[in-house]
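Modelling step: build the complete structure from the supplied sequences, incorporating the hints.
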Amino acid sequence: KAGVTQTPRYLIKTRGQQVTLSCSPISGHRSVSWYQQTPGQGLQFLFEYFSETQRNKGNFPGRFSGRQFSNSRSEMNVSTLELGDSALYLCASRAGGGAQTEAFFGQGTRLTVV
Amino acid sequence: AQKVTQAQTEISVVEKEDVTLDCVYETRDTTYYLFWYKQPPSGELVFLIRRNSFDEQNEISGRYSWNFQKSTSSFNFTITASQVVDSAVYFCALSEAAGTALIFGKGTTLSVSS
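If you're matching them up, the sequences are chains B and C in order. According to this note's numbering, the first sequence is numbered sequentially starting from 137. According to this note's numbering, the second sequence is numbered sequentially starting from 0.
Worth double-checking, as some hints may not be accurate.
[Claimed, not checked] Just so you have them, the derived chain C footprint on chain B, three or more residues with Cβ under 8 Å:
| no. | region |
| --- | --- |
| 1 | 189 to 203 |
| 2 | 223 to 231 |
| 3 | 238 to 245 |
Keep in mind that the hints were calculated from the coordinates and are not lab data. This structure is a prediction, so every number in the text was calculated from the model and none was measured. Virtual Cβ for every residue (Gly too), placed ideally from N, Cα, C.
Pasting the structure below:
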């Protein structure tokens with residue numbers, strides 16, 4: 137069974153640009169969550185999608201947005217990039233919709249903003 | 000508000016030593032879930048264990064064991080006879096029943112030398 141796949145693995149963008157990251161969850165999983173990992177703030181929850189609907193959102197500015205498609209694949213978009221957006225972005229998929237189910241993570245997309 | 004504290008930032012041990020990683024959590028919910036994840040240098044978070052708030056039984060899986068104590072709001076992780084392959088960053092996380100976001104601690108970097 138294939139794991140969570142995130143593309144691309146590495147990205148370098150210029151301040152002010154926008155970027156789109158992609159996540160393909162484990163087959164059959166309907167929940168996809170996104171997390172940002174930085175040395176200073178650690179792992180922070182961005183948002184979660186379940187059956188194409190955003191179900192939960194963390195404390196991030198509106199420049200961070202996402203969506204989920206009917207096949208459960210998800211994309212995350214960051215507009216007007218800032219230097220502080222440089223981070224490892226991790227996607228996680230869950231089989232069910234409950235908090236008790238374990239989340240399986242991809243290897244992440246390392247975004248560098250210059 | 001929910002919070003997870005991993006007071007140990009870095010731990011260095013020699014192979015075959017036992018090591019305990021501490022985790023203290025805060026939540027007002029009576030139903031919640033606790034997790035441990037391992038992050039090797041490759042970046043993905045690897046699920047290790049889940050515990051729900053109603054199950055205080057300790058668990059052992061091979062060289063790994065977990066001690067959950069609600070009285071002290073702690074969920075500690077012990078590796079017995081550590082190995083070099085155990086070197087990684089370990090995260091403790093909390094999820095409340097009402098939500099699906101994982102609240103992570105800052106992580107403990109474990110270095111095991113031969």
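Between the region 189 to 203 of chain B and chain C, see if three or more residues pass the 8 Å beta-carbon test, and mark the coverage as holds or violated. Holds, because 3 residues of the region 189 to 203 of chain B bring their Cβ atoms closer than 8 Å to Cβ atoms of chain C.
Claimed coverage, the region 238 to 245 of chain B by chain C - three or more beta carbons nearer than 8 Å: The restraint on the region 238 to 245 of chain B holds, since 7 of its residues have a Cβ under 8 Å from chain C and three suffice.
Coverage claim, chain C over the region 223 to 231 of chain B, checked by counting residues with Cβ within 8 Å (three needed): holds (count 4)
Hint compliance for this structure: every hint is met.
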